[in-house]
Amino acid sequence: MNTAATTELRVAHDRRDLREALAAFALAGPAGALILVFLLAPLVCIGLLSLTDYQLGAKSLQFIGLDNYASMFGDRVFRRSLQNTLVYAAVVVPVSVALGLGAALLIEAGSSLRAFYRTVYFLPVMATLIAMAIVWEFALHPKFGLVNLSLKWIGVAGFDWLQDRRVVLYTLAGIGIWQSVGFNMVLFMAGLQAIPRDLYEAASVDGVSNAWDRFRTVTWPMLGPVSLFVVVITAIRSFQVFDTVQVMTKGGPNRASEVLLYTMYTEGFEFFRTGYAAAVTMVFLALVLVLATLKTWFLDRRVHYA
Amino acid sequence: MNARGLGSLAGALRHVVLMLGAVVMLSPFAWMLLSSFKPQSEIMSGELQFLPQRWAAIENYAQVWSRVPMGRFLLNGAIVTATIFALQVLVNLPCAYALAKLRFRGRRALFGVVLLGLMIPMHATAIPIYILFHHAGILNTYAALILPFMISVFGIFMLRQFFMSVPDDLIDAARIDGMSEIGIVWRIMLPTALPAVTAFGIFSVVAHWNDYFWPLIAVSSKDLYTPPLGAAYFRLNDGGTDYGVLMAAATIVILPLALAFLLAQRRFIEGVTFTGLKG
Numbered sequence: 001m002n003t004a005a006t007t008e009l010r011v012a013h014d015r016r017d018l019r020e021a022l023a024a025f026a027l028a029g030p031a032g033a034l035i036l037v038f039l040l041a042p043l044v045c046i047g048l049l050s051l052t053d054y055q056l057g058a059k060s061l062q063f064i065g066l067d068n069y070a071s072m073f074g075d076r077v078f079r080r081s082l083q084n085t086l087v088y089a090a091v092v093v094p095v096s097v098a099l100g101l102g103a104a105l106l107i108e109a110g111s112s113l114r115a116f117y118r119t120v121y122f123l124p125v126m127a128t129l130i131a132m133a134i135v136w137e138f139a140l141h142p143k144f145g146l147v148n149l150s151l152k153w154i155g156v157a158g159f160d161w162l163q164d165r166r167v168v169l170y171t172l173a174g175i176g177i178w179q180s181v182g183f184n185m186v187l188f189m190a191g192l193q194a195i196p197r198d199l200y201e202a203a204s205v206d207g208v209s210n211a212w213d214r215f216r217t218v219t220w221p222m223l224g225p226v227s228l229f230v231v232v233i234t235a236i237r238s239f240q241v242f243d244t245v246q247v248m249t250k251g252g253p254n255r256a257s258e259v260l261l262y263t264m265y266t267e268g269f270e271f272f273r274t275g276y277a278a279a280v281t282m283v284f285l286a287l288v289l290v291l292a293t294l295k296t297w298f299l300d301r302r303v304h305y306a
Numbered sequence: 001m002n003a004r005g006l007g008s009l010a011g012a013l014r015h016v017v018l019m020l021g022a023v024v025m026l027s028p029f030a031w032m033l034l035s036s037f038k039p040q041s042e043i044m045s046g047e048l049q050f051l052p053q054r055w056a057a058i059e060n061y062a063q064v065w066s067r068v069p070m071g072r073f074l075l076n077g078a079i080v081t082a083t084i085f086a087l088q089v090l091v092n093l094p095c096a097y098a099l100a101k102l103r104f105r106g107r108r109a110l111f112g113v114v115l116l117g118l119m120i121p122m123h124a125t126a127i128p129i130y131i132l133f134h135h136a137g138i139l140n141t142y143a144a145l146i147l148p149f150m151i152s153v154f155g156i157f158m159l160r161q162f163f164m165s166v167p168d169d170l171i172d173a174a175r176i177d178g179m180s181e182i183g184i185v186w187r188i189m190l191p192t193a194l195p196a197v198t199a200f201g202i203f204s205v206v207a208h209w210n211d212y213f214w215p216l217i218a219v220s221s222k223d224l225y226t227p228p229l230g231a232a233y234f235r236l237n238d239g240g241t242d243y244g245v246l247m248a249a250a251t252i253v254i255l256p257l258a259l260a261f262l263l264a265q266r267r268f269i270e271g272v273t274f275t276g277l278k279g
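Here the protein sequences line up with chains X and U, keeping their order.
Every letter in the first sequence is one number past the one before it in this note's numbering, and letter 70, counting from 1, is 70.
Every letter in the second sequence is one number past the one before it in this note's numbering, and letter 230, counting from 1, is 230.
Bear in mind the hints are in silico, worked out from the structure with no lab data behind them.
All values derive from a computational prediction rather than experimental measurement.
Some hints here could point you the wrong way.
[Claimed, not checked] Distance condition first, Cα-Cα at most 20 Å in a straight line; then the derived SDA-like pairs of lysine to any residue:
1. X/152 x U/27
2. X/152 x U/49
3. X/143 x U/41
4. X/152 x U/45
[What the hints assert, rightly or not] So the derived label-pair ranges between C-beta atoms look like this:
5. U/108 x X/18: 49 to 59 Å
6. X/75 x U/186: 52 to 62 Å
7. U/67 x X/197: 18 to 28 Å
8. U/65 x X/213: 58 to 68 Å
9. X/83 x U/15: 35 to 45 Å
10. X/197 x U/266: 19 to 29 Å
11. X/9 x U/165: 23 to 33 Å
12. X/112 x U/72: 26 to 36 Å
13. X/7 x U/167: 28 to 38 Å
14. X/212 x U/241: 47 to 57 Å
15. U/75 x X/65: 46 to 56 Å
[Stated by the list, open to error] Some, not all, of what chain X presents toward chain U, calculated at C-beta under 10 Å:
16. 23
17. 40
18. 42
19. 60
20. 62
21. 65
22. 83
23. 144
24. 146
25. 152
26. 155
27. 156
28. 157
29. 202
30. 261
31. 285
Just so it is clear, CB atoms sit at the ideal spot from N, CA and C, and this is done for glycine as well.
This is chain U alone, in the form it adopts within the complex (with noise of 0.2 Å):
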């Protein structure tokens, strides 16, 4: 904002009033993560005590995974997200290109359909497609999970926004080589949109593994739970008061996506605000 830079004073007061704003945001972490290593006594002793005085880690962790099958709400949600993002991929990147480079009759309805869809929340859509999935017997399977996610008019929308920039020599030099649309999409589009993809990837992964509203209503055996719905089967059904293993089940709901996070901040930022179209 102002190019000169802030004098040692103001620079200080700018830590200052930033660092105590990084302290409330980070507060619950911390918070998460020592009680997770605290035993129910120290918990509850009504003591406001930062670190632990008896080093109950191993106890809490081993804990969860005993009580609640979490290896199996982890792996469900890897299977899930991971599967809707290749599926994703496989559907809309076509379209995308589709609605950037061809020309064919429907192409603005199509285009005017995709733009109403970005104003569609999916809570709005979830009661006849739960209709839909109830009387086809699909529901409780992954199916019910990955099939409503398949479609992603924000993926169109975006990737679209991307192809309409790609010069359209390289499309036509392949077309003159011989190489089909499909071909195209593939071997052409698709290297080239590898950041756009990637940012669409992050989008859609850290959207599903956090999803909790969907999978709430569309599965019901704990043996399809994603993480959240895990998290929250454990904290009502078994976890109760203790909070020690309640905080050890939560570190370990978030730990995949925060660490990923911390590893590639840029790309997660971009990923989930991409030019912040979708709500």
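Chain X on its own, in the form it takes in the complex (with noise of 0.2 Å):
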């Protein structure tokens, strides 16, 4: 081979090579640098804020090993405020998916009025949750809110919602469940839209005859990935949930609806304990990942037939 040529043609792809290399730099850079900034930077401060006892406007700040941890673990509060998050969680991950599901199977199981369906209840998930805690507080006002009105109007008493301890923490899981059910509803039609026809009409020809059984034998277990999706991202969004707390209970009454956000947004935001807030924050981080690696991981795995 000429010697020449091949050094040119070296040269040739270094040099394109080095051409890339700076574009990318210059395309990618603002991005990186700003990962770093606001992504990465935080996180591992937060991690280092949650083992000193920083308060924020102080002058200067002391490591104090796993101090907050502990004072944490055996504060009644913050276990209130885990707790609740987790009941909280807990009732609203599974009936919003099941009623998500049952919308979407109804929805897909006829032809009329889908797209009308299908805006009515997402529409909850677009409002903003502020202005709609705003009306649900007004809604379940025991005296004149809609709700207590429409249970009298059928002759049953109705609860004071939002300032009965043993009611308050369902009442906002209610709330919950009305904002995810439509967004859960939009997963799964996409789940069952991709389903492919031929399974339907292979199990027919194998003797699969009523609707109950294609759901069992191609639905359900087709609809797997999905349905695991939608559990961990449910259940992702109800660890977040603050808004409604903030706006209409406070945390009470009593904690009885503390929630891990509102407690990490009053320390760290109202008293400025800014160490301890980084520590219910990592707890809170902690879940979340958890959850999130899960999904990764079993929905990397998984094998499609389709």
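Dock the two chains into a complex; use the hints.
What follows is the structure, given as structure tokens:
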């Protein structure tokens, strides 16, 4: 081979690689820098802060090791907050996933009014939650609200939905469900539409004749990945509950509706106990990361037969 | 699901169930709207009445505008969401292209970081960013509302996905024609990716118009309030028990997005649940 030609070729390649690398640097550089400043550095900071006694505005801070975590888990308020958040998620996830699936199945089962139903069920997802929280607060008013007035109309006594300690967390969960059903429904609809028709035909050739068996043998297995996805996403969204608590109940009455992010908010931005709030954030982050990792792992390993 | 279609009984049943659900989904909106048309006396009557007997819409809505700077709130919402989206395209689209089509050292690391970032909710990084802004003296400014969201790993991920499906010949042809990489990004990639960019735009605008948590901590003066903050402010400070006016305020706040949604439902649903990646 001609040595001069190969050298020329190699120089041209090197020049092209350099050109590409420089272009990449210019194109991805800003994003990379922002990721560093607004994603990676804060993550490291939150971890470090949780080990200190920093209070915003203080001149200095001290490393106190795991003291924040110790006092956190010994604190009745934090334990209640964590418990409430888990209970909230435990209610919202199964119900909104089941209702979302049900709605998706029903809508997909027929061909009329699909767009109408899809729009109506999705509207709560889009509407600014704070505004709707204010509406719900009024609707849940024990004397003048829609809920109790309707119950009165059919002769049932209503609760004091937001002031009754036994009920308030479930009331908030109900609003959370109302807001999530449409989101889950749309995800399930996409999953249903992705199921190949031939599977149903093959099933009916095999003697599967009624709707329930069709669901059991074809639909449900094929929806496996989507279902897992929806469950995890709903759980992560549930852990992030904040708006309704901050506007409607402020964690009350008596911490009955105190949730993790609300605790983080009050500790970090009302009391400015930054180090402690950082520790609360770490617990929140741990919960979310466990779920997110689960999702990535399971969904990336599944084999599809489609 | 069933290609053969439902029998008429099953079909009717389907509508009954779905309609009941629809009523539940819509009732808060109906309640909000109708209450915003009622005078205080009817609201406090303790009777279940759908339509107002006396039409008080004008008073209620006028009071919203006179008691809080609602126009300012809406304007802030528009400014903040539009700026965030514009900056997001500026920063994240080129990065997505580089990750999809260029070879460079650290590409895998960068993409790994993007994947990691997808799992991190914004609440987790709020405290350090707040402290940073505090020391930089930019709390309580538009910058505080906009800067943290310029980077969008979700946007990078989504757009990269899209770009990877664009055939290389298009790009090679442009390179042969002497176009620079930056030129390729803005003159070829952006137009090609318009549907994906639109879906992302909808996702971004909805998410940031509705965001309450970050504006709550980043901003303290009323003239910087975004619509959610404005609504909460009204409820906590001035609305009190004037439910008719409160409901009118709530209506105004959700109206822009709700209208846009009704006009372009498919796009919205795509945008907000786009491959359902962001939790």
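Worksheet item: Hint numbers the structure violates, sorted upward?
Response: 5, 7, 12, 19, 20, 21, 22, 26, 27, 28 and 29
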